[in-house]
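Enquirer: Read off the chains here:
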Amino acid sequence: MRPGPAGLPTILALLVLAAAAVASVFVGRVSLSPAELTQGMFHPQTMAGLVVTELRIPRTVLAILVGASLGLSGAVLQGLLRNPLAEPGLLGVTNGAALGAVVSIYFGLSHNFGLATPLLGMAGAVAAGALTYALGRGSSLTLILAGAAASSLMAAFLALALNFAPSPYAAYEMNVWMLGSLAERSWDHVLLAAPFVAAGLAVLATMGRAVDALALGDLQAESLGIRLDRTRVLALLGVGLCVGAATSVTGAVGFIGLVAPHLIRPFVGYQPSRTLLPSALAGAALLLLADIGTRLIHTNTELRLGVLTSLLGAPFFFWLVIRVRKTAP
Amino acid sequence: MSRLSAARITVRRGGRAIVDDVSFDLEDGAFVALVGANGAGKSTLLSVLAGLMAADGGAVSLDGQALEGLDRRDLARRRAYLPQNPRAEWPIAVERLVALGLTPYLPAFGGLPGGLEPRLTQALEACDLLDHRLQPATTLSGGELARAMLARALIGDPQVLIADEPTAGLDPKHALDTMRRLKALAGQGKLVVAALHDLTLAARYSTHLMALENGRLAAFGPTAGVLTPALLKQVFDVEARIVGEGPSASVDYLAAGAGA
Numbered sequence: 001m002r003p004g005p006a007g008l009p010t011i012l013a014l015l016v017l018a019a020a021a022v023a024s025v026f027v028g029r030v031s032l033s034p035a036e037l038t039q040g041m042f043h044p045q046t047m048a049g050l051v052v053t054e055l056r057i058p059r060t061v062l063a064i065l066v067g068a069s070l071g072l073s074g075a076v077l078q079g080l081l082r083n084p085l086a087e088p089g090l091l092g093v094t095n096g097a098a099l100g101a102v103v104s105i106y107f108g109l110s111h112n113f114g115l116a117t118p119l120l121g122m123a124g125a126v127a128a129g130a131l132t133y134a135l136g137r138g139s140s141l142t143l144i145l146a147g148a149a150a151s152s153l154m155a156a157f158l159a160l161a162l163n164f165a166p167s168p169y170a171a172y173e174m175n176v177w178m179l180g181s182l183a184e185r186s187w188d189h190v191l192l193a194a195p196f197v198a199a200g201l202a203v204l205a206t207m208g209r210a211v212d213a214l215a216l217g218d219l220q221a222e223s224l225g226i227r228l229d230r231t232r233v234l235a236l237l238g239v240g241l242c243v244g245a246a247t248s249v250t251g252a253v254g255f256i257g258l259v260a261p262h263l264i265r266p267f268v269g270y271q272p273s274r275t276l277l278p279s280a281l282a283g284a285a286l287l288l289l290a291d292i293g294t295r296l297i298h299t300n301t302e303l304r305l306g307v308l309t310s311l312l313g314a315p316f317f318f319w320l321v322i323r324v325r326k327t328a329p
Numbered sequence: 330m331s332r333l334s335a336a337r338i339t340v341r342r343g344g345r346a347i348v349d350d351v352s353f354d355l356e357d358g359a360f361v362a363l364v365g366a367n368g369a370g371k372s373t374l375l376s377v378l379a380g381l382m383a384a385d386g387g388a389v390s391l392d393g394q395a396l397e398g399l400d401r402r403d404l405a406r407r408r409a410y411l412p413q414n415p416r417a418e419w420p421i422a423v424e425r426l427v428a429l430g431l432t433p434y435l436p437a438f439g440g441l442p443g444g445l446e447p448r449l450t451q452a453l454e455a456c457d458l459l460d461h462r463l464q465p466a467t468t469l470s471g472g473e474l475a476r477a478m479l480a481r482a483l484i485g486d487p488q489v490l491i492a493d494e495p496t497a498g499l500d501p502k503h504a505l506d507t508m509r510r511l512k513a514l515a516g517q518g519k520l521v522v523a524a525l526h527d528l529t530l531a532a533r534y535s536t537h538l539m540a541l542e543n544g545r546l547a548a549f550g551p552t553a554g555v556l557t558p559a560l561l562k563q564v565f566d567v568e569a570r571i572v573g574e575g576p577s578a579s580v581d582y583l584a585a586g587a588g589a
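Protein chains in written order, with this note's numbering: chain A, 1 to 329; chain B, 330 to 589.
Mixed in with the good hints there might be a few duds.
Here are some chain A residues the structure puts well away from chain B; computed CB gaps all over 12 Å [as the list claims (entries may be wrong)]:
no., residue
1, G114
2, A130
3, Y169
4, I226
5, L237
6, I292
7, H298
8, F316
Here are the simulated SDA-like pairs of lysine to any residue, each with C-alpha atoms no more than 20 Å apart in a straight line [stated by the list, open to error]:
no., chain 1, residue 1, chain 2, residue 2
9, B, K512, B, D566
10, A, K326, B, S470
11, B, K512, B, E574
12, A, K326, B, E418
13, B, K562, B, H526
14, B, K502, B, L514
15, B, K502, B, V580
16, A, K326, B, P420
17, B, K502, B, Q413
18, B, K512, B, E494
19, B, K502, B, S470
20, B, K502, B, T529
21, A, K326, B, Q464
22, B, K502, B, G586
23, B, K512, B, G550
24, A, K326, B, K512
25, A, K326, B, L469
26, B, K562, B, V580
27, A, K326, A, P84
28, A, K326, B, R416
29, B, K562, B, A585
30, A, K326, B, P465
31, B, K502, B, A513
32, B, K562, B, G586
DEER-style ranges, computed between Cβ atoms [unchecked claim]:
no., chain 1, residue 1, chain 2, residue 2, range
33, B, K512, A, A18, 23 to 29 Å
34, B, G471, A, T301, 53 to 59 Å
35, A, L320, B, Q413, 53 to 59 Å
36, A, P315, B, Q413, 36 to 42 Å
37, A, R323, B, A585, 44 to 50 Å
38, B, S470, A, A194, 47 to 53 Å
39, B, N367, A, A149, 30 to 36 Å
40, A, L85, B, G586, 37 to 43 Å
In short, the hints are calculated from the structure, not lab data. Ideal Cβ positions, reconstructed from N, Cα and C, are used throughout, including at glycine.
Only chain A is shown next, with the shape it has when bound in the complex (with noise of 0.2 Å):
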């Protein structure tokens, strides 16, 4: 047969990937040389071993557990839905993430600890997820509306939030948690949602064959042997498990899910279980990009990682649009 799944795509992504990782470290806000911060890695006591092993490496970390958690949940909400529009948010956990984070910074909780934050929005993400698995087993229709019902109640509590806030300050710290971002982000951190995303991920990785006889239709699928109530519970539980851990640490992050699949296909034949892997490592590269990019701009405010993503997503999902309009029947 030909290249399986570690074919050539895979490896064309590795290698950006890890591109995109080596400059995460070497570029920064605090201006060091590649030469200090080099030599920091081998001394972590100095300035430049801080900034290297305290601030770059656990970002640079984090955003490739992100960006690997919203690639590959896209790419197998893709295959589920055989919706090229389906994207992790889609299920209604980032809402419910977003939602525990902002009720732990509406209580203040987030200054007497401060994990509280990623810790509830976990719990939120959790109870998007049950809400939309209750309401919308049986059939991938009800699911995809459970999620939209279970997204909108999580932004209704999100506003209900905004228009209470207890101060300004609290209000503008909401808003800015949304707008998603991995600055400031420490190894506790990364220990906080590495096993979460790396359950989720290991999940989701199974589905390869379900996704693949789903391009079939759902009857076809189910009688190749696909359990497709099965596949649905696992690909809940699995972007549940990674995506809420993901957006809990570093707030909403969109269209990197949607774009990383879209850009994986077309090298991998379209089909579902060989897009899968590309896209995790696709949709790490991507954030990592993205998050140098926001550390390169140099603005006032810091520019948010999330913003930067919808201000480069939002095109592509026009060039999406007038794609299907093309290749409709």
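On the provided structure of chain A, position chain B as indicated by the hints.
Expert: For chain B alone, coordinates are given in the frame of chain A:
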């Protein structure tokens, strides 16, 4: 022991029996045409036969084993199912689409094992698809797609093929071609069950005819004996004339019945 048996199958939806107390035994080598008016329960019966829908009453058994008790992968290897108007959801190459029929034989990860490669070529060749091997499945014509889906169903070498209106939407040439292929399969000793709307095609190609009327089995037996103007009057409420026999038979509709 019959290959595929239905014992008193009943499916209810909204208080109405869509399939009502249907029983039959099907043997290898038969090409069974399932006919009936719109809404008679053909698709529902086929879904139950394929093990994709649970009946509210009765049981289907394959080689004497109840379908519910069968492992899904095992069932998928032994029977193939083609829904009405199947389509490809992504522009994957024809050979990839056909290879999906081997899903129940594949390990959880990795590409197609080398040992299965000859089967792919064989299936493509049998359905005259070698020239389209690498073409995106979404760009195939209706007739080509029907052949690709048939190859997808047959690549796993199932003993039973269940097809819901395999000739729907096909022009006469491709409809005849599909029927010829299904008949040839039965000739090779497989069991083929297909819902059909074109009664002339059913009369010419099928070995057995099964007629559903409001969910009930109105008739079942060798096509030549069962397909009569009286049956068509009863099942479809039309006056019909049947001319010729076997491969030259044709069914003409003369007038709608008084009850229409």
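Enquirer: When you check the alpha-carbon spacing of K562 (chain B) and H526 (chain B), does it fall within 20 Å?
Expert: 15 Å, holds
Enquirer: Is K502 (chain B) within 20 Å of T529 (chain B), Cα to Cα?
Expert: 14 Å, holds
Enquirer: Is K562 (chain B) close enough to A585 (chain B), meaning Cα to Cα at most 20 Å?
Expert: 9 Å, holds
Enquirer: Just want to verify: H298 (chain A) was marked as not at the interface with chain B; is every Cβ pair farther apart than 12 Å?
Expert: 43 Å, holds
Enquirer: Taking the minimum C-beta separation from I292 (chain A) to chain B, is that value above 12 Å?
Expert: Non-interface label on I292 (chain A) holds, nearest chain B Cβ at 32 Å vs cutoff 12 Å.
Enquirer: Could you tell me whether the CB distance from R323 (chain A) to A585 (chain B) stays inside 44 to 50 Å?
Expert: 48 Å, holds
Enquirer: Take a quick look at whether K512 (chain B) and D566 (chain B) sit within 20 Å of each other, Cα to Cα.
Expert: 28 Å, violated
Enquirer: Please verify whether K502 (chain B) and L514 (chain B) have alpha carbons no more than 20 Å apart.
Expert: 19 Å, holds
Enquirer: Take a quick look at whether K502 (chain B) and G586 (chain B) sit within 20 Å of each other, Cα to Cα.
Expert: 30 Å, violated
Enquirer: Taking only the CA atoms, is the gap from K326 (chain A) to L469 (chain B) under or equal to 20 Å?
Expert: At roughly 17 Å apart (the allowed maximum being 20 Å), L469 (chain B) and K326 (chain A) satisfy the hint.
Enquirer: Assess, step by step, whether the Cα of K326 (chain A) is no farther than 20 Å from the Cα of S470 (chain B), and give holds or violated.
Expert: Within the cut-off at roughly 18 Å; holds.
Enquirer: A cut-off of 12 Å on Cβ-Cβ distance, and I226 (chain A) was said to be off the interface with chain B. Does that hold?
Expert: The claim breaks: I226 (chain A) does not keep its Cβ more than 12 Å from every Cβ of chain B (closest is about 7 Å).
In summary, the structure is inconsistent with hints 4, 9, 22, 24, 33, 35 and 40 from the numbered list given earlier, while agreeing with the others.
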